[in-house]
Amino acid sequence: MVSSDRLVPAGRSLLLSYRADRMRRLGSLVGQSILLLITSSSILAVLFIFYFIGRDAIPFFQAEGFREFFTSADWYPSGDPPAYGALAIFYGSAMVTVGATLVAVPLGVLAALCLSDILPFSIRQMVKPVIEILAAIPSVAFGFFALVVFAPLLQEHGGRLLAWVGWLVGGPLAVLGVVVLSDLATAGLPEKLRAAGRGAIGLVLAVVAFVGLARLGDFFHGLQIVTGVNALNASIILGIMALPTVVSVSEDALQAVGRELREGSYALGATRAETLVRVVIPAAASGISAAVILGVMRAVGETMVVWMASGNAAHVPEPWYDFLASVRTLTANIAGDMGEADQSLGSSRYHVLFAMALCLLAVSFALNMLSEWAVHRSRKKMRGQ
Amino acid sequence: MRLGTRKLIDRGMTALGIGSIVLLAAALLVFLAPIVVRGLGAFVFRGTIEYRQLTLEKFGRGDVDAVEAEQAEAVEARRPVYEMLSAYKKELADGHESLDEAKKQFRADRKEMRRHEGLADQQRADAQAELDRREAELDRRGEQLAKHEASLVELEELIRELLGPEPGQSVPVLWRDQYGQTRWDRAQVKLDQILNVETWVDQDDPDQPRVRVLVPRADAFEGTTLAPLFPYIENNAEAMLLPRLTFYWRFLTDTSFDAHFFGGIWPEILGTIYLTLGAMLFAVPMGVVAAIYLVEYAREGFLVRVLRTFINTLAGVPSIVFGLFGLAFFISTMHVSPSKSVLAGSMTLAMLILPMVIRASEEAIRAVPATYKEAALSLGASKWWAVLTVILPAALPGVLTGIVISMGRAAGETAPIIFTAAVSVGKPLWPWEALSQPTPALPWNIYNLATEHEAVDEIRHVQYGMVLTLVLLVLLLNAAAIVMRARISKKLRA
Chain A
1 MVSSDRLVPA
11 GRSLLLSYRA
21 DRMRRLGSLV
31 GQSILLLITS
41 SSILAVLFIF
51 YFIGRDAIPF
61 FQAEGFREFF
71 TSADWYPSGD
81 PPAYGALAIF
91 YGSAMVTVGA
101 TLVAVPLGVL
111 AALCLSDILP
121 FSIRQMVKPV
131 IEILAAIPSV
141 AFGFFALVVF
151 APLLQEHGGR
161 LLAWVGWLVG
171 GPLAVLGVVV
181 LSDLATAGLP
191 EKLRAAGRGA
201 IGLVLAVVAF
211 VGLARLGDFF
221 HGLQIVTGVN
231 ALNASIILGI
241 MALPTVVSVS
251 EDALQAVGRE
261 LREGSYALGA
271 TRAETLVRVV
281 IPAAASGISA
291 AVILGVMRAV
301 GETMVVWMAS
311 GNAAHVPEPW
321 YDFLASVRTL
331 TANIAGDMGE
341 ADQSLGSSRY
351 HVLFAMALCL
361 LAVSFALNML
371 SEWAVHRSRK
381 KMRGQ
Chain B
1 MRLGTRKLID
11 RGMTALGIGS
21 IVLLAAALLV
31 FLAPIVVRGL
41 GAFVFRGTIE
51 YRQLTLEKFG
61 RGDVDAVEAE
71 QAEAVEARRP
81 VYEMLSAYKK
91 ELADGHESLD
101 EAKKQFRADR
111 KEMRRHEGLA
121 DQQRADAQAE
131 LDRREAELDR
141 RGEQLAKHEA
151 SLVELEELIR
161 ELLGPEPGQS
171 VPVLWRDQYG
181 QTRWDRAQVK
191 LDQILNVETW
201 VDQDDPDQPR
211 VRVLVPRADA
221 FEGTTLAPLF
231 PYIENNAEAM
241 LLPRLTFYWR
251 FLTDTSFDAH
261 FFGGIWPEIL
271 GTIYLTLGAM
281 LFAVPMGVVA
291 AIYLVEYARE
301 GFLVRVLRTF
311 INTLAGVPSI
321 VFGLFGLAFF
331 ISTMHVSPSK
341 SVLAGSMTLA
351 MLILPMVIRA
361 SEEAIRAVPA
371 TYKEAALSLG
381 ASKWWAVLTV
391 ILPAALPGVL
401 TGIVISMGRA
411 AGETAPIIFT
421 AAVSVGKPLW
431 PWEALSQPTP
441 ALPWNIYNLA
451 TEHEAVDEIR
461 HVQYGMVLTL
471 VLLVLLLNAA
481 AIVMRARISK
491 KLRA
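Here the protein sequences line up with chains A and B, keeping their order.
FYI, in our numbering the residues of the first sequence are 1 to 385.
FYI, in our numbering the residues of the second sequence are 1 to 494.
Simulated from the structure, these hints should not be mistaken for lab results.
In this text, a Cβ means the ideal position worked out from N, Cα and C, and glycines have one as well.
There may be inaccurate statements among the hints.
[What the hints assert, rightly or not] Below, in silico cross-link-like pairs of lysine-lysine (BS3-like), each with a Cα-Cα straight-line distance of 25 Å or less:
1. B:Lys147 with B:Lys89
2. B:Lys89 with B:Lys103
3. B:Lys90 with B:Lys111
4. A:Lys128 with B:Lys490
5. A:Lys128 with B:Lys491
6. A:Lys192 with B:Lys7
7. B:Lys147 with B:Lys190
8. B:Lys89 with B:Lys104
9. B:Lys58 with B:Lys427
[Said to hold, decoys possible] A few chain A positions that, by computed beta-carbon distances, are all more than 10 Å from chain B:
10. Val98
11. Leu113
12. Cys114
13. Ala141
14. Leu353
The following block holds chain A by itself, in its conformation from the complex:
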């Protein structure tokens, strides 16, 4: 771009008359303005969205005030008098989002590490389409799966399923933890005692870990799952939906960490795991956090899966961490209530949905700014090296 401007200074051709030259420059100016105008339509779109959502949200706050909306958990919009306490719905959104993040982030970051540093190129080429397909599947299809396939499964075999997952995830982690801990604990001992000490401590730790896992498994096994459409179902499916975003963005961040850093670390004698944990991940931290934020955004804004899979019960679960209870999220509430609120156009019942949309918009805007800042920082850091 810059170089071509220098080759043909300011678009001026030597053969043109002064007048033609003026016309041509004017033309290019007009053309560029038109292009700019069209490009700015996305600015306009964002402003319009904020304006029109806000315009319909304000009447609600004028009529009902802020206090009830943000502090009460009583949601009876069709009651008499109606109650518009959205706290439980905010809580439902937060709960499902946290659950989805817990599923998507560890898996996603691990998968990204594997893709960028562990797998050979040929296998990576095979895995990439899998992630793309996962990203392409429409949310309503995931929602259908959650409602028709996963919810009955969870309801009937949920306890057993959770117990298996507990063993599957906990088992290998426990083995690793036992070995590492027993090694660390015996580091201070004299040379001769070390092997014996390691064995003894390892055995004790192994027994502790096994008992812990067994009790956890029993606990899961004994769980009564009243309904398959609950926060857990929505979290898992949402987490899987957010996975491709987390994987691809954090993989980009990891790839951007230069070869030199990795090779330097290897040269100092570090293993691959040490290189990844001590060097690559810290270097890519802001990029990975951007990936996490984008994943969270995906989970917050998703409608169909939570509408179909979360059970739509507008109350705070009892106890508050009970993922097996049905919850309702902001997005699902907007989608579900609009059908009834539509007839009462202009009522508080209608405007409260816009108020919720405004909150969603504000959250996603803030998260977006945060992710941009993170990306900006990671770029700066990379350039600094």
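Given the coordinates of chain A, assemble chain B onto it according to the supplied hints.
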């Protein structure tokens, strides 16, 4: 730390990473397998004679003679059922008659006894006891009859659902009442309901959920003339329904009838196509132009930073918010259509995919080697001419790839069209009608049929068929994009 431990940690990390990838692939498989297997059930299934009769009568497809021959065969097999039913009805009527008779007798006897004033106390008490016993017996018989009648009504309803209305009866209004079960899998479910009554029994421990217990329905009719009906139905179900393997590819091109009980999903597919193409119509020109501006004309600076921030913000807006915005802006404020319409839905979807189109096009244009442009400029082309004739054609495959992927996204989005374009039931629209009328669309109807339909369980095959169609549509678009991208990268390498 010991070297062995460090190595173990290293291996463990590798295993965890590979495990997560395997889990990812497994998640995809676990999701796709039931969708594909049960989705194919909408296209390939064992259709009964009722199905062939329906396609012949309502759609005019099929061989008249063959269907009539089969129908005669089925009617022959069904005759004993109806005979047994009418025999049993007669038995019940007889029972009523004899009961009335007995009641009359009883009342006469009671009167008789009351007239005999002068009986001794002992005798009187005996007679009274005898009368009470007889009255209880009569009540029991009456109850038995009422119970049998109620069971019969239920049974007849179930048989009507399985086999369709009895020949010679008036034709009901709804299609689903005019025919029996058209699919063998559904027929088997109905057959099960006929043979067994499902009850829920409390467990000893009151905290435990109730368990399902199946009781043979024949028990309720034991000792009556209807008892042989159940083994007959069980053994002759195939003869009565004549299931044959049916390939119903027109599922894609038939209109739906009777709230999706019959027919295909053409209105939904067409609606999805309109919405997607409409969204592309608005989003592609704007997106490509914006990408050209951002890559070729804009100078990095404050303006471009703001532009990019806004584009990212637009990409991050939750889809349901787009839906509300479409309702508030396009329909309530701009009045592009009196109420929901394909046009309003397309515009809303276009806003949603605009950032995707911009990003993909930008990337594709950036990937065109600078030498192309330099060569064009050095030959005396002006900048816009170079962009139009050299850069855009070179970037076209990449741009198209991005467009195709965004199309998949637009086709699958539900939330933005709920308030702006989608209705649950509708005819296929002509293109000009799309400007002002709402349409059914695959994503919305999947939700609608799976949650709000009156008989969710009975049309599972339609739901699965719709999901499979939508998923395949989106995956085909993506596969096309992947292939296109592979060819581009090959070309660029060569």
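Requested in this report: Starting from A:Lys128, check that the Cα of B:Lys490 is at most 25 Å away, please.
Outcome: holds (17 Å)
Query raised in the report: Is B:Lys89 within 25 Å of B:Lys104, Cα to Cα?
Result: Distance of about 22 Å is within 25 Å: holds.
Query raised in the report: Minimum Cβ separation between A:Leu113 and chain B greater than 10 Å?
Result: violated (5 Å)
Query - Agreement of A:Lys192 and B:Lys7 with the hint, judged by alpha carbon distance not exceeding 25 Å - result: Roughly 22 Å between the alpha carbons, so the hint for A:Lys192 and B:Lys7 holds.
Query raised in the report: Regarding the assertion that A:Val98 does not contact chain B, is the least Cβ-Cβ distance greater than 10 Å?
Result: holds (17 Å)
Query raised in the report: B:Lys58 and B:Lys427: Cα distance at most 25 Å?
Result: The hint holds at about 17 Å.
Requested in this report: Determine whether the non-interface label on A:Ala141 survives the test: each CB of chain B must be over 10 Å from its CB.
Outcome: Incorrect as stated: the minimum Cβ-Cβ distance to chain B is 5 Å, not above 10 Å.
**Report entry** Non-interface label on A:Leu353, tested against every C-beta of chain B at 10 Å
**Finding:** violated (7 Å)
**Report entry** Assertion that A:Cys114 lies outside the chain B interface [Cβ separation over 10 Å]
**Finding:** At roughly 3 Å from the nearest Cβ of chain B, A:Cys114 sits no farther out than 10 Å, so the non-interface label is violated.
Query raised in the report: Under the criterion that the straight-line Cα-Cα distance not exceed 25 Å, is the pair B:Lys89, B:Lys103 satisfied?
Result: holds (21 Å)
**Report entry** Agreement of B:Lys147 and B:Lys89 with the hint, judged by alpha carbon distance not exceeding 25 Å
**Finding:** holds (13 Å)
Query raised in the report: Holds or violated: are the alpha carbons of A:Lys128 and B:Lys491 at most 25 Å from each other?
Result: It holds: about 20 Å lies between the C-alpha atoms, which stays within 25 Å.
Of the numbered hints listed earlier, those contradicted by the structure are 3, 11, 12, 13, 14.
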